[in-house]
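Based on the provided sequences and hints, a complete structural model is requested.
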Amino acid sequence: IIGGDSAGGNLTAATLLHLSHPHAEIEPLALSAPLAGVFTYAPWINFSTEWPSMKDNLWKDILTPAVLTRWSDSYRGDRPADNWNEPFNAPAEWWRDVKTERILVLAGGDEILLSPIQEFVKKIKSVFGEIAFVVGADEVHDAPFYTMVKEETQTRSELRGWLAARL
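In full-length UniProt numbering, the protein residues as written are 1 to 167.
Don't read these hints as lab results, they were simulated from the structure.
Each hint should be verified, as a subset may be incorrect.
Computed cross-link-like contacts, EDC-like style, restricted to lysine to aspartate or glutamate with a CA-CA straight-line distance of at most 20 Å [claimed, not checked]:
hint	residue 1	residue 2
1	Lys125	Glu151
2	Lys60	Glu50
3	Lys122	Glu101
4	Lys125	Glu101
5	Lys122	Glu50
6	Lys123	Asp97
7	Lys122	Asp97
8	Lys55	Glu119
9	Lys123	Asp82
10	Lys125	Asp97
11	Lys123	Glu101
12	Lys99	Glu27
13	Lys123	Glu50
14	Lys122	Glu93
15	Lys55	Asp138
16	Lys60	Glu130
17	Lys123	Glu93
18	Lys125	Glu152
19	Lys99	Glu130
20	Lys60	Asp138
Nothing here was measured: the structure is a model prediction, and the numbers come from that model.
This is the structure in structure tokens:
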């Protein structure tokens with residue numbers, strides 16, 4: 001099982017793509033069997049700040065479009081967008097033969113990254129059926145990590161159950 005949150009979700013998706021569509025500048029990875037599962041928590045898989053949720057959730061989330069722009073510039077450096085540094089850009093067909101049994105995508109209903117995450121899930125679901133998508137009501141980006149209450153969040157509970165079923 002591999003997984004990650006936010007930029008780690010980006011790296012998780014990029015690694016999954018690299019397993020079946022290796023990046024020309026990176027040594028291919030080999031597996032003896034498909035991964036038992038892959039999860040992404042609030043994955044930052046597209047660096048555009050023009051999505052509807054960027055405006056709709058601007059005053060609800062802990063992230064802002066301005067900080068995402070600064071971070072994406074740092075993340076990519078002088079490299080142009082591609083299918084690995086922005087996994088959202090990969091065509092649907094690239095997700096058909098991913099090397100995992102199943103995928104879990106989690107997002108907060110109040111996060112500014114929600115729109116691209118929703119479209120990302122639709123793209124994958126069009127060619128790979130074993131994908132679950134959970135949107136936590138009233139949750140911000142990476143809510144379990146930033147929520148300062150002891151109450152369980154919907155996405156954290158879903159992730160725990162999903163992991164327990166695979167371990």
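How the hints compare with the structure:
1. Lys125 to Glu151: violated, 31 Å
2. Lys60 to Glu50: Distance of about 17 Å is within 20 Å: holds.
3. Lys122 to Glu101: holds, 18 Å
4. Lys125 to Glu101: holds, 13 Å
5. Lys122 to Glu50: holds, 18 Å
6. Lys123 to Asp97: holds, 13 Å
7. Lys122 to Asp97: OK: lysine 122 and aspartate 97 at ~16 Å, within 20 Å.
8. Lys55 to Glu119: holds, 16 Å
9. Lys123 to Asp82: holds, 16 Å
10. Lys125 to Asp97: holds, 12 Å
11. Lys123 to Glu101: Distance ~17 Å between lysine 123 and glutamate 101 Cα, so the pair holds.
12. Lys99 to Glu27: The hint holds at about 16 Å.
13. Lys123 to Glu50: Status holds; Cα separation ~19 Å.
14. Lys122 to Glu93: holds, 12 Å
15. Lys55 to Asp138: holds, 16 Å
16. Lys60 to Glu130: violated, 31 Å
17. Lys123 to Glu93: holds, 9 Å
18. Lys125 to Glu152: Cα-Cα ~28 Å, so violated.
19. Lys99 to Glu130: holds, 12 Å
20. Lys60 to Asp138: holds, 9 Å
Hint violations for this structure: numbers 1, 16, 18, all remaining hints satisfied.
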